[in-house]
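Enquirer: Now for the letters of each chain:
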Amino acid sequence: GENVEQHPSTLSVQEGDSAVIKCTYSDSASNYFPWYKQELGKGPQLIIDIRSNVGEKKDQRIAVTLNKTAKHFSLHITETQPEDSAVYFCAASMDMLTFGGGTRLMVKP
Amino acid sequence: KAGVTQTPRYLIKTRGQQVTLSCSPISGHRSVSWYQQTPGQGLQFLFEYFSETQRNKGNFPGRFSGRQFSNSRSEMNVSTLELGDSALYLCASSYGTSGGAAQETQYFGPGTRLLVL
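As given, the protein sequences belong to chains A and B, one line each in that order.
The numbering of the first sequence is my numbering, which starts it at 26 and goes up by one.
The numbering of the second sequence is my numbering, which starts it at 16 and goes up by one.
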């Protein structure tokens, strides 16, 4: 089955800095790669997603890149704000979502 | 539009008991997926229901089961509870396209936190 590894497990940045989270996947058949943000006491919320026919996607301060050959994808958050502090999960999917282990992002004001 | 609702939010059970969790999807969504979240294993897919039929299933024992009603509401049941079943159980709904929930945006509820003593 699919295996998704996510790094780093924790990330601390200063407000205004950029944050990068990286994931690798094992199944070359996976074709959908969403990113979720989970705040304390809440369920995960989709923040951006990318499909295998696209190399990069951007939505305001958030961008995701996908390298199918290397089987890795990354989340980039620019101009981080304290409200970006949360746990972020990457996932890879063909017929079921397989999640990475999560990254706890802390943005210090 | 109201979001995904899950009841109850918290539950304490003892080993050997069974439990039923409920999920009401976003209006108009026909697919409901269930996930288990634990500190050790992370987020893991349990199963997906669409049009009252299980469309996909993760790698969990048969003690975990679910069903979906004609109004798309879903329940999941865990029988013969074990200590390791303590987790946050998340429900997610989506429109339900031909590609399955795993290919579309899923909207998660707040979860039901189950503690097994």
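Derived from the structure by calculation, the hints contain no laboratory data.
In this text the structure is predicted, and so the values were computed from the model without any measurement.
Treat the hints with care, as some may be off.
[Stated by the list, open to error] 25 Å max Cα-Cα, derived SDA-like pairs, lysine to any residue:
1. A/Lys62 with B/Pro125
2. A/Lys47 with A/Lys96
3. A/Lys67 with B/Leu129
[Stated by the list, open to error] Anything over 10 Å on all C-beta distances counts as not near chain A; from chain B, calculated:
4. Val19
5. Arg30
6. Gln32
7. Thr35
8. Glu63
9. Gln69
10. Gly77
11. Arg78
12. Ser85
13. Leu105
We put the CB at the ideal spot given by N, CA and C, even for glycine.
Enquirer: Hint by hint, say whether it matches the structure.
Expert: Results of checking the hints against the structure:
no., hint, in the structure
1, A/Lys62 with B/Pro125, "holds (13 Å)"
2, A/Lys47 with A/Lys96, "holds (11 Å)"
3, A/Lys67 with B/Leu129, "holds (15 Å)"
4, Val19, "violated (7 Å)"
5, Arg30, "holds (26 Å)"
6, Gln32, "holds (25 Å)"
7, Thr35, "holds (19 Å)"
8, Glu63, "violated (8 Å)"
9, Gln69, "holds (12 Å)"
10, Gly77, "holds (18 Å)"
11, Arg78, "holds (19 Å)"
12, Ser85, "holds (25 Å)"
13, Leu105, "violated (5 Å)"
In this structure, the hints that do not hold are numbers 4, 8 and 13, in rising order.
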